[in-house]
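**Student:** Let's have the full structure, built from the sequences with the hints guiding it.
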Amino acid sequence: MSREILVKAKIPGAETGIEVKKTICLICGAQCGIDAYVKDGSLVKVEGTAENPVSRGTLCSKGASSRQWINNPERVHTPLLRTGPRGSGRFMPISWDEAFERIASGLTKIKEESGPESVVFFTGYPKWYRPFLKRLAHSFGSPNYFTESGTCFLATVMANHLTYGTTLWPDLKETKCILNWCRNAPYSQAPGYATYLNAASRGVKLIDVGPLSTTLSAQADIHLRLRPGTSGALALGLAHVIIEENLYDREFVENWTLGFEEYRSYVQGFPPKTTEEITGVPAETIVKAARLYASSESASIVQSPSVTVHHTNGIQNHRAITALIGLTGNFDRKGGNRVIPESYYHTPTGLKSREAEFEQSRPWEEMAPRVGQDRYPLWCSMMDEAQATALPFQIQSGKPYPIRAMLGFAVNYRMWPGSDFMKEGLEKLDFFVDTDLFMTDTAKLADIVLPSCSSFERRQLTMYSPRYAVWTEPVIPPVGESRSDVDIILDLARRLIPHDSLLLQGQEACLDWIFEPSGIKMDDIKKHPAGCFLENLPPIPYEKYRTSGFPTPSGKMEFTSLVLKNAGIDPLPVYREPAQSPLSTPDLAKEYPLILTTGARLPMFMHSRMYRVPWARNLRRDPMVDINPRDARARGIPPEGWVMLATPRESIRVKANITEFVPPGVVNMYHGFPSADANTLIDPDYRDPISGYPGFKSLLCQVIKIQDNGGNK
Amino acid sequence: MSQYAFSFDVSRCSGCMACVVACQDQNDFVADETVAFRHVTKYEEGECPSARISYFSLACQQCGDAPCIIVCPAGAISRRQEDGTVLVDRDLCVGCHSCELACPFGAPKFPEDGKMAKCDLCVTRRENGMKPACVRVCPAQALDVGPIEELSKKKAEKASIAILKSLIFVSPKEL
Chain A
0 MSREILVKAK IPGAETGIEV KKTICLICGA QCGIDAYVKD GSLVKVEGTA
50 ENPVSRGTLC SKGASSRQWI NNPERVHTPL LRTGPRGSGR FMPISWDEAF
100 ERIASGLTKI KEESGPESVV FFTGYPKWYR PFLKRLAHSF GSPNYFTESG
150 TCFLATVMAN HLTYGTTLWP DLKETKCILN WCRNAPYSQA PGYATYLNAA
200 SRGVKLIDVG PLSTTLSAQA DIHLRLRPGT SGALALGLAH VIIEENLYDR
250 EFVENWTLGF EEYRSYVQGF PPKTTEEITG VPAETIVKAA RLYASSESAS
300 IVQSPSVTVH HTNGIQNHRA ITALIGLTGN FDRKGGNRVI PESYYHTPTG
350 LKSREAEFEQ SRPWEEMAPR VGQDRYPLWC SMMDEAQATA LPFQIQSGKP
400 YPIRAMLGFA VNYRMWPGSD FMKEGLEKLD FFVDTDLFMT DTAKLADIVL
450 PSCSSFERRQ LTMYSPRYAV WTEPVIPPVG ESRSDVDIIL DLARRLIPHD
500 SLLLQGQEAC LDWIFEPSGI KMDDIKKHPA GCFLENLPPI PYEKYRTSGF
550 PTPSGKMEFT SLVLKNAGID PLPVYREPAQ SPLSTPDLAK EYPLILTTGA
600 RLPMFMHSRM YRVPWARNLR RDPMVDINPR DARARGIPPE GWVMLATPRE
650 SIRVKANITE FVPPGVVNMY HGFPSADANT LIDPDYRDPI SGYPGFKSLL
700 CQVIKIQDNG GNK
Chain B
0 MSQYAFSFDV SRCSGCMACV VACQDQNDFV ADETVAFRHV TKYEEGECPS
50 ARISYFSLAC QQCGDAPCII VCPAGAISRR QEDGTVLVDR DLCVGCHSCE
100 LACPFGAPKF PEDGKMAKCD LCVTRRENGM KPACVRVCPA QALDVGPIEE
150 LSKKKAEKAS IAILKSLIFV SPKEL
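Here the protein sequences come in this chain order: A and B.
The opening position of the first sequence corresponds to residue 0 in numbering that gives the first Met the number 0, with each subsequent residue numbered one higher.
The opening position of the second sequence corresponds to residue 0 in numbering that gives the first Met the number 0, with each subsequent residue numbered one higher.
By construction, these hints were calculated from the structure, which means they are not laboratory data.
The structure presented is a predicted model; accordingly, all values stated were derived computationally and were not measured.
One or more of the hints may lead you astray.
[Said to hold, decoys possible] Keeping only pairs whose Cα atoms sit at most 25 Å apart, straight-line, the calculated SDA-like set for lysine to any residue is:
| hint | chain 1 | residue 1 | chain 2 | residue 2 |
| --- | --- | --- | --- | --- |
| 1 | A | LYS172 | B | PRO146 |
| 2 | A | LYS398 | A | LYS427 |
| 3 | A | LYS351 | A | PRO528 |
| 4 | B | LYS130 | B | PRO146 |
| 5 | A | LYS427 | A | PRO401 |
| 6 | A | LYS7 | B | LEU86 |
| 7 | B | LYS157 | A | LYS108 |
| 8 | A | LYS126 | A | ASP440 |
| 9 | A | LYS7 | B | ALA73 |
| 10 | B | LYS154 | B | CYS62 |
| 11 | B | LYS41 | B | CYS62 |
| 12 | B | LYS41 | A | THR194 |
| 13 | A | LYS564 | A | ASP383 |
| 14 | A | LYS20 | B | ARG125 |
| 15 | A | LYS204 | A | GLU244 |
| 16 | B | LYS164 | A | LEU171 |
| 17 | A | LYS21 | B | VAL29 |
| 18 | A | LYS108 | A | LYS126 |
| 19 | B | LYS130 | B | ASP88 |
| 20 | A | LYS204 | B | SER53 |
| 21 | A | LYS172 | A | SER200 |
| 22 | B | LYS108 | A | GLU3 |
| 23 | A | LYS7 | B | THR84 |
| 24 | B | LYS130 | B | GLU43 |
| 25 | A | LYS204 | A | ASP248 |
| 26 | A | LYS204 | B | LYS153 |
| 27 | B | LYS130 | A | ILE4 |
| 28 | B | LYS154 | A | GLY191 |
[Claimed, not checked] Quick list of the computed label-pair ranges, beta carbon to beta carbon:
| hint | chain 1 | residue 1 | chain 2 | residue 2 | range |
| --- | --- | --- | --- | --- | --- |
| 29 | A | ALA508 | B | GLU81 | 53 to 61 Å |
| 30 | A | PRO673 | B | VAL9 | 33 to 41 Å |
| 31 | A | ARG648 | B | HIS96 | 49 to 57 Å |
| 32 | B | HIS96 | A | PRO72 | 26 to 34 Å |
| 33 | B | ALA155 | A | ARG201 | 18 to 26 Å |
Positions of the beta carbon are idealized from the N, C-alpha and C atoms, including for glycine.
**Tutor:** See the structure below:
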């Protein structure tokens with residue numbers, strides 16, 4: 000075969016000069032293994048890493064687009080100093096030294112004038128460098144460390160901690176029944192999707208919950224297609240059947256739970272007929288699902304990382320869902336939902352680590368109160384960060400103290416509810432540093448932009464469940480002068496916190512220190528370029544509560560949370576209608592009769608990260624709202640016709656994607672689109688009162704046909 | 000000769016379109032990022048609550064009686080003896096688009112140089128022990144490639160096991 004043909008087909012080998020190097024994709028959180036095909040220092044192709052236990056050699060449309068994501072014309076090549084007005088995009092290149100000097104002196108000056116708490120530290124995606132950034136914030140003296148997880152995943156952790164004192168992971172390998180609650184894995188974590196399909200082909204029963212008609216709901220034995228925002232009522236309705244029909248686990252409930260009688264009495268209010276009226280799920284389907292879930296030999300609930308907590312009753316809805324785990328005795332039982340201690344950014348590996356100790360270099364008591372602590376005291380007492388949704392309010396009010404500077408990594412103001420309000424907040428800061436791969440609309444607001452590099456261009460540790468670890472080295476040179484986020488943090492630490500001797504020892508030394516209790520060393524992981532299973536570690540037993548109880552105030556699973564009770568909040572997982580809904584605000588619903596749900600994943604996008612990547616963007620060029628054919632007909636909307644998607648707060652111009660993906664009465668809009676930002680539709684104060692989380696997934700809207708299709712109305 | 004072909008499991012496909020992008024990455028469709036040898040189509044049938052949404056990922060079918068071979072005036076399209084793959088010799092192609100008119104599947108593409116290009120089942124990759132890029136990438140494992148006899152055998156076994164499982168495990172008392 001001629002060399003030319005081999006080169007064209009990108010066959011690796013000495014003849015073509017193409018080398019396969021191991022790295023990972025961090026466009027989303029699935030962390031799929033990547034085989035990077037590299038020729039003369041350039042990336043010529045990507046493929047999934049066959050050895051990776053999570054992605055098994057596959058990728059999704061985002062990961063497959065890696066080449067255009069990395070070699071993207073919008074990459075930032077050097078540190079930049081803003082020369083024009085905020086948002087103008089006018090910058091001039093400066094050296095790394097100058098950038099670090101300016102940042103160090105700017106932040107130090109503000110710290111001296113207004114206290115370290117007036118400097119906030121924020122990180123968007125990804126997650127791998129977060130322990131380093133949190134330590135930097137606290138060593139600097141600021142309690143105000145925020146992550147995007149503070150509006151995404153962490154409220155599910157909070158809900159589970161309120162009831163169980165711990166988080167819970169589905170035991171998918173062993174289970175006989177999967178209750179998949181509002182999680183469209185084929186789109187959100189595509190490589191994990193095969194796990195469900197393969198389970199179904201083993202005979203595992205699948206119950207799918209969610210308003211959307213997905214590939215999983217089509218495969219499911221039962222699909223509970225509920226109205227957005229009513230998960231809590233549905234869960235209580237399932238509990239009603241389970242208790243009425245004596246399908247609950249008496250031994251577990253009697254010995255290991257608190258408040259069962261109050262819970263039993265509360266769920267009396269949710270018989271199948273009433274639950275049908277609230278949720279829209281037929282009563283007989285609810286009964287069928289409750290019987291299947293509760294009478295299976297074992298059953299696992301797959302929780303969504305955010306969908307169920309993105310409601311104004313999010314925490315309590317989520318508590319109602321996971322209460323079913325204890326009720327049926329599936330807690331930490333084989334095939335149920337397991338307790339697996341997490342390490343290195345919420346990876347359930349069961350490894351002992353000093354991650355929390357590493358991050359919390361200064362105790363909370365020695366720092367000022369956190370942003371959001373006045374309004375969300377429970378969030379701040381239970382979670383290890385400030386509450387991001389409160390940030391724009393404090394920037395504007397200056398109460399209880401002024402916020403003057405942000406050191407940001409991958410900040411995206413479009414993730415906030417009422418995103419324009421957060422944008423105004425960033426514009427008001429005295430000093431804003433953003434670190435990103437790309438010149439994003441948020442980076443354009445910064446005083447200094449630092450170029451970070453992709454996972455292909457840096458060294459990092461990645462961990463997977465169950466107990467798989469990879470250490471990756473750069474597979475291509477960095478684009479321009481871009482650098483690894485951790486290297487940037489360490490260089491800033493040298494200038495800002497020279498007293499932090501542990502952090503200054505560097506990336507590997509810090510990770511060795513964190514994993515010292517497990518005896519894991521980075522040098523050992525590095526020996527396996529595609530990663531390795533961490534062997535010879537003690538197995539994680541089931542039913543650990545039988546010897547150690549529950550890490551809750553009562554030592555039991557709490558149907559009635561003592562933490563909530565002491566905070567003056569209803570201790571039961573009560574159901575409340577979304578703050579905007581056809582039932583709770585019927586007058587508003589006359590003008591805005593459709594339920595708007597935003598942020599459900601599309602396969603080619605990840606928040607607003609992929610819009611600039613042509614291969615991904617071409618799969619869906621325009622901002623589109625999903626609307627059911629019945630609702631489109633009633634409004635005379637033609638396929639792909641332009642419409643206004645309107646809420647009382649704002650309206651955006653989008654195309655109509657007429658589809659049965661959404662049920663009648665519900666419309667679904669993807670978020671973060673630069674020309675049609677769904678989060679401008681939502682009031683910045685439309686939030687869950689316990690967690691502070693935005694109610695992204697249930698509010699009211701109207702869709703109006705634009706007469707002059709394609710015109711600029 | 001053993002005829003090679005793709006197989007596609009419609010029950011697994013979620014319409015994620017990774018196959019489309021993997022094809023573009025493999026074949027360097029960077030000048031016009033809309034060109035790919037794979038096309039994913041969504042189809043909806045019925046109305047809520049009984050609506051069904053399905054997806055189909057289509058590429059060149061490597062037809063047994065390929066109309067593109069017959070109509071090509073330049074004799075640029077031929078069948079490879081070893082595995083039945085339909086190949087185009089781009090040096091001979093005159094860019095007349097006859098194959099595009101004749102093909103019932105929309106397989107022939109015309110990148111920026113105006114000459115026909117189409118899916119060749121990643122013939123060079125297969126000869127080097129690798130699967131086609133679209134098959135390798137598919138997170139749902141809905142795509143496969145192989146001699147058609149082997150693919151049919153796999154499908155027959157899968158269907159038989161599904162039938163057996165429903166008979167043995169679901170309703171034992173009714174047997």
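**Student:** So, for every hint listed, does it hold in this structure?
**Tutor:** Each hint tested on the structure:
1. Restraint check: the Cα-Cα separation between A:LYS172 and B:PRO146 comes to about 33 Å, which exceeds 25 Å; the hinted pair is violated.
2. A threshold of 25 Å between alpha carbons decides the hint, and for A:LYS398 with A:LYS427 the separation of about 15 Å falls inside it, so the pair holds.
3. Of the supplied pair hints, the one linking A:LYS351 and A:PRO528 holds, its CA atoms being roughly 24 Å apart against a limit of 25 Å.
4. Among the hinted pairs, B:LYS130 with B:PRO146 is consistent with the structure: their alpha-carbon atoms are about 13 Å apart, no more than 25 Å.
5. With a CA separation close to 11 Å, the supplied pair A:LYS427 and A:PRO401 stays within the 25 Å bound.
6. As the CA atoms of A:LYS7 and B:LEU86 are separated by approximately 15 Å, the hinted pair is consistent with the 25 Å bound.
7. As the CA atoms of B:LYS157 and A:LYS108 are separated by approximately 69 Å, the hinted pair breaks the 25 Å bound.
8. A threshold of 25 Å between alpha carbons decides the hint, and for A:LYS126 with A:ASP440 the separation of about 21 Å falls inside it, so the pair holds.
9. Of the pairs offered as hints, the one joining A:LYS7 and B:ALA73 holds, with about 24 Å between alpha carbons and a cut-off of 25 Å not exceeded.
10. Restraint check for B:LYS154 and B:CYS62: the C-alpha separation of about 20 Å stays at or below 25 Å, so the hint holds.
11. For the suggested pair B:LYS41 and B:CYS62, the alpha carbons sit about 23 Å apart, so the restraint of at most 25 Å is met.
12. Of the supplied pair hints, the one linking B:LYS41 and A:THR194 holds, its CA atoms being roughly 23 Å apart against a limit of 25 Å.
13. Restraint check for A:LYS564 and A:ASP383: the C-alpha separation of about 21 Å stays at or below 25 Å, so the hint holds.
14. With a CA separation close to 21 Å, the supplied pair A:LYS20 and B:ARG125 stays within the 25 Å bound.
15. Restraint check: the Cα-Cα separation between A:LYS204 and A:GLU244 comes to about 20 Å, which is no more than 25 Å; the hinted pair holds.
16. Of the supplied pair hints, the one linking B:LYS164 and A:LEU171 holds, its CA atoms being roughly 20 Å apart against a limit of 25 Å.
17. Of the supplied pair hints, the one linking A:LYS21 and B:VAL29 holds, its CA atoms being roughly 24 Å apart against a limit of 25 Å.
18. For a cut-off of 25 Å, the pair hint linking A:LYS108 to A:LYS126 is broken: about 29 Å separates their Cα positions.
19. This hinted pair checks out: B:LYS130 and B:ASP88 have alpha carbons roughly 22 Å apart, not beyond 25 Å.
20. Between A:LYS204 and B:SER53 the CA atoms are separated by roughly 21 Å; this keeps the pair inside 25 Å, and the hint holds.
21. Restraint check: the Cα-Cα separation between A:LYS172 and A:SER200 comes to about 13 Å, which is no more than 25 Å; the hinted pair holds.
22. Distance restraint check for B:LYS108 and A:GLU3: the Cα-Cα separation of roughly 22 Å lies within the 25 Å cut-off, and the hinted pair is therefore satisfied.
23. For the proposed pair A:LYS7 and B:THR84, the alpha carbon gap of about 18 Å is at most 25 Å, so the pair holds.
24. This hinted pair does not check out: B:LYS130 and B:GLU43 have alpha carbons roughly 31 Å apart, beyond 25 Å.
25. In summary, the hint linking A:LYS204 to A:ASP248 is supported, as the alpha carbons are separated by about 20 Å, within the 25 Å threshold.
26. With a C-alpha separation of about 24 Å, the suggested pairing of A:LYS204 with B:LYS153 holds against the 25 Å cut-off.
27. A hinted pair counts as satisfied when its Cα atoms are at most 25 Å apart, and B:LYS130 with A:ILE4 qualifies at roughly 16 Å.
28. The suggested pairing of B:LYS154 with A:GLY191 holds, with an alpha-carbon distance near 23 Å, which does not exceed 25 Å.
29. The hinted range of 53 to 61 Å is satisfied by A:ALA508 and B:GLU81, whose Cβ atoms lie roughly 56 Å apart.
30. The hinted range of 33 to 41 Å is satisfied by A:PRO673 and B:VAL9, whose Cβ atoms lie roughly 35 Å apart.
31. Take A:ARG648 and B:HIS96: their Cβ atoms lie about 51 Å apart, and the range 49 to 57 Å holds.
32. Roughly 32 Å separates the CB atoms of B:HIS96 and A:PRO72, a value that falls within the hinted 26 to 34 Å.
33. Evaluation of the 18 to 26 Å hint for B:ALA155 and A:ARG201 yields a pass: the beta carbon distance comes to about 19 Å.
Checked against the numbered hints above, the structure violates hints 1, 7, 18, 24; every other hint is satisfied.
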